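There are 2 protein chains.
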Amino acid sequence: MAKRISRSTFIMDNPPSVHSYAAVVGKKEGEGPLGKYFDKVCEDAYFGQKTWEQAESELVRITLKKALEKGNLSEKDINYLFAGDLINQCTSTSYGLRDFGIPLLCVYGACSTMSETLLLSSLMTDSNIGGYVAAVTSSHFCSAERQFRFPLSYGGVCTPTAQWTCTASGCCIVKPHSNAPYIKAATIGKIVDLGVTDANNMGAAMAPAAAHVIKTHLEDTKKSPEDFDLIVTGDLGRVGGTLLIELLAKEGISIEKNYKDCGTMIFDYEKQDVHAGGSGCGCSASVLCGYLLDKVKSGEYKNILFCATGALMSTTITQQGESIPSISHAVHISSDGDIEKGWK
Amino acid sequence: MAKRISRSTFIMDNPPSVHSYAAVVGKKEGEGPLGKYFDKVCEDAYFGQKTWEQAESELVRITLKKALEKGNLSEKDINYLFAGDLINQCTSTSYGLRDFGIPLLCVYGACSTMSETLLLSSLMTDSNIGGYVAAVTSSHFCSAERQFRFPLSYGGVCTPTAQWTCTASGCCIVKPHSNAPYIKAATIGKIVDLGVTDANNMGAAMAPAAAHVIKTHLEDTKKSPEDFDLIVTGDLGRVGGTLLIELLAKEGISIEKNYKDCGTMIFDYEKQDVHAGGSGCGCSASVLCGYLLDKVKSGEYKNILFCATGALMSTTITQQGESIPSISHAVHISSDGDIEKGWK
Chain A
1200 MAKRISRSTF
1210 IMDNPPSVHS
1220 YAAVVGKKEG
1230 EGPLGKYFDK
1240 VCEDAYFGQK
1250 TWEQAESELV
1260 RITLKKALEK
1270 GNLSEKDINY
1280 LFAGDLINQC
1290 TSTSYGLRDF
1300 GIPLLCVYGA
1310 CSTMSETLLL
1320 SSLMTDSNIG
1330 GYVAAVTSSH
1340 FCSAERQFRF
1350 PLSYGGVCTP
1360 TAQWTCTASG
1370 CCIVKPHSNA
1380 PYIKAATIGK
1390 IVDLGVTDAN
1400 NMGAAMAPAA
1410 AHVIKTHLED
1420 TKKSPEDFDL
1430 IVTGDLGRVG
1440 GTLLIELLAK
1450 EGISIEKNYK
1460 DCGTMIFDYE
1470 KQDVHAGGSG
1480 CGCSASVLCG
1490 YLLDKVKSGE
1500 YKNILFCATG
1510 ALMSTTITQQ
1520 GESIPSISHA
1530 VHISSDGDIE
1540 KGWK
Chain B
1200 MAKRISRSTF
1210 IMDNPPSVHS
1220 YAAVVGKKEG
1230 EGPLGKYFDK
1240 VCEDAYFGQK
1250 TWEQAESELV
1260 RITLKKALEK
1270 GNLSEKDINY
1280 LFAGDLINQC
1290 TSTSYGLRDF
1300 GIPLLCVYGA
1310 CSTMSETLLL
1320 SSLMTDSNIG
1330 GYVAAVTSSH
1340 FCSAERQFRF
1350 PLSYGGVCTP
1360 TAQWTCTASG
1370 CCIVKPHSNA
1380 PYIKAATIGK
1390 IVDLGVTDAN
1400 NMGAAMAPAA
1410 AHVIKTHLED
1420 TKKSPEDFDL
1430 IVTGDLGRVG
1440 GTLLIELLAK
1450 EGISIEKNYK
1460 DCGTMIFDYE
1470 KQDVHAGGSG
1480 CGCSASVLCG
1490 YLLDKVKSGE
1500 YKNILFCATG
1510 ALMSTTITQQ
1520 GESIPSISHA
1530 VHISSDGDIE
1540 KGWK
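In the order they appear, the protein sequences are chains A and B. Those letters in the first sequence? Residues 1200 to 1543, by our numbering. Those letters in the second sequence? Residues 1200 to 1543, by our numbering.
The reader is advised that the hints may include incorrect statements.
As the list claims (entries may be wrong) - Which bits of chain B does chain A cover? Going by a derived footprint, with three or more residues having C-beta under 8 angstroms, they are:
no. : region
1   : 1271-1284
2   : 1330-1336
3   : 1388-1394
4   : 1512-1519
Unchecked claim - Straight-line alpha carbon distances no greater than 35 angstroms define the calculated DSBU-like cross-link-like pairs of lysine-lysine that follow:
no. : chain 1 : residue 1 : chain 2 : residue 2
5   : A       : 1275      : B       : 1459
6   : B       : 1496      : A       : 1202
7   : A       : 1202      : B       : 1470
8   : A       : 1501      : A       : 1239
9   : A       : 1202      : A       : 1249
10  : A       : 1459      : A       : 1470
11  : A       : 1501      : B       : 1202
12  : B       : 1202      : A       : 1496
13  : A       : 1421      : A       : 1501
14  : B       : 1470      : B       : 1414
15  : A       : 1202      : A       : 1414
16  : B       : 1202      : A       : 1540
17  : A       : 1456      : A       : 1269
18  : B       : 1202      : B       : 1414
19  : B       : 1470      : B       : 1496
20  : B       : 1202      : A       : 1275
21  : A       : 1422      : A       : 1269
22  : B       : 1275      : A       : 1459
23  : A       : 1422      : B       : 1202
24  : A       : 1275      : A       : 1501
25  : A       : 1422      : B       : 1275
26  : B       : 1264      : A       : 1449
27  : A       : 1275      : B       : 1540
28  : A       : 1202      : B       : 1459
Simulated from the structure, these hints should not be mistaken for laboratory data. Bear in mind that the values here come from a model prediction, so they are computed numbers and not experimental data. We put the CB at the ideal spot given by N, CA and C, even for glycine.
For reference, chain A alone in the conformation it holds in the complex (with noise of 0.2 angstroms):
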């Protein structure tokens, strides 16, 4: 059973088991650095609909679906799903998995949607109470650019910090411990917010959370950055990443050497006019599920410490002079299914 070690962080006791993933990314993703670990790189964006929105529910179905074939799992084999995405009343998710028939339990995270579900999704099932349960969330780039920006024809020019919201979905079926990749301990994080008002430097904005869960997570678990191959975050992208760094510096945490972040990892920086990199709820969901889940699976990896990271601002709220609220949820990915020492 999972057990809460502080107010918010949890070891799991008998680690669950991610039995599949599936990633799924449009043809932007496809051409860039992690392009050929991608289950399915889509050409079409419009995925073969009408509008941007039908476009992403059909990039969920896909990633679920091609998830569930890698697992030989049908549809009635998942007790139940976490999932959400950036749209508004999280559509992307309810319209994309109506048809599927399986109980939904639908959460708003922004880009950190991929480790709340993860989490959520791993603490049922560490308690008994999942089974085989799916996590999965989404982003596409013409959806949220006209939700968030412009309307894609008016062509807007970007700042260099703003960053580009990938089109793509992730999907982990996590079950009882059984096999490699285990999920091993979770930080449930809080809200952070330090006063960026800019909706166009979200990497600024979300850093400050990403440093306040990797902080309490290193110190709940007692564990220092060493102790795992790779710190991640989702998408601080490369403003976010940097500050992200010196803000732990002056904890006392050094991540330089093991630190990555999924929006500079998505795309080639110089060859890809990305700006500061990517972001959406499908940039770091999708690195996860087509990069460093096989990467933990073969043991290349043995521990990466996962932190999706979200700006839970909207754009009416950030027209009325807001700053931007952050959050970032933690979940500790292993090669090795035991029980942490010293917390039997």
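Given the coordinates of chain A, work out where chain B should sit on it, guided by the hints.
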């Protein structure tokens, strides 16, 4: 420990308690039949703020503070929160809660949010990974109206099937087994979409989802409607409520005698001009936390089945002609803390 007795129905082994709860509403809700039961009625629709979105955030803040105060707790006593609302990107939740410093798992369930947050808080607490966990949600007529329908100053006329979004918020603080009211069981619902496309008739869109979760819960727990003093839905209103009774009757389940809907309870249909009834996340949340939980605590109601209902559309997607997927989750709340016979 909570037990999963079917795909997504759970029995609490050691039923968690609702330690304290609070409901705060606006002027119109305060003038309704339940007015005297709410903890606070705010005459100022702006709640002392400058915008409707800030007003709703302030409403959430006041409600959580009230629940803490009634329970003689401080924010440090709460391990984490489940919360969510209707506004794009759930900003009422994130801005309303950001200053508390409590770890947050934000959910999106539209008007089913009170069921979803209470279900998750109870499952976590009965699995020994909760402790004190809060479940909170809100809605505000003015922020919802301008987001989902028309600018307020436009003075749009509503159809008779339309519902009135309540300015209301409710908060439950769940803790391990102690005193009534107790959470005894719960069922996670699935998306049901029978093709209703009229966003001004959400009751009709949501009734099939409520019917599904009530039927599933009764079957899974081997109960009949008579085992509950009250089966109460979130906000189907008059139209959806009548449909629900018909839908369940076709399945051989008669709930007519002990069925009510929060959307019809909160307003006086004859006097308050609310069309088909109240709606919004805060409708069922405030009726639960203002009225129903007191009746369960006192033993006047021994068992209630609380099923908040959510319509999962957005304005963008209904403008594209899509139908409205809906969801409802069921939570069995009782004055008696014993585990149900037959489940020991």
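*asked:* Between the alpha carbons of residue 1202 of chain B and residue 1540 of chain A, is the straight-line distance 35 angstroms or under?
replied: holds (28 angstroms)
*Tell me if chain A covers the region 1271-1284 of chain B under the three-residue, 8 angstroms CB rule, please?*
With 3 residues close enough to chain A, the hint holds.
*Is the Cα-Cα distance between residue 1202 of chain A and residue 1470 of chain B 35 angstroms or less?*
Since the Cα atoms of residue 1202 of chain A and residue 1470 of chain B sit roughly 52 angstroms apart, the hinted pair is violated (cutoff 35 angstroms).
*asked:* Need the status of pair residue 1421 of chain A, residue 1501 of chain A: alpha-carbon distance at most 35 angstroms?
replied: With a Cα-Cα distance of about 18 angstroms, the restraint between residue 1421 of chain A and residue 1501 of chain A holds, given a limit of 35 angstroms.
*Sort out whether residue 1414 of chain B lies within 35 angstroms of residue 1470 of chain B, counting only the CA atoms.*
OK: residue 1470 of chain B and residue 1414 of chain B at ~34 angstroms, within 35 angstroms.
*Compare the distance between the alpha carbons of residue 1202 of chain A and residue 1414 of chain A with 35 angstroms, and conclude whether the hinted pair is satisfied.*
holds (19 angstroms)
*Going straight from one Cα to the other, do residue 1459 of chain A and residue 1470 of chain A come out at no more than 35 angstroms?*
Holds: residue 1459 of chain A and residue 1470 of chain A sit about 19 angstroms apart, inside 35 angstroms.
*the region 1330-1336 of chain B covered by chain A? Criterion: 3 or more residues, Cβ-Cβ distance below 8 angstroms.*
violated (count 1)
*asked:* Tell me if the straight-line CA distance from residue 1496 of chain B to residue 1202 of chain A falls inside 35 angstroms.
replied: holds (30 angstroms)
*Take a quick look at whether residue 1202 of chain A and residue 1249 of chain A sit within 35 angstroms of each other, Cα to Cα.*
violated (47 angstroms)
_Proposed proximity, residue 1275 of chain A with residue 1202 of chain B (alpha carbon, max 35 angstroms)_ = Answer holds: residue 1202 of chain B to residue 1275 of chain A is near 19 angstroms, not above 35 angstroms.
_chain A covers the region 1388-1394 of chain B, three or more CB atoms within 8 angstroms, holds or violated_ = Since 4 is at least three, the answer is holds.
Violated hints, listed in ascending order, are 2, 7, 9 and 28; each of the other numbered hints is respected by the structure.
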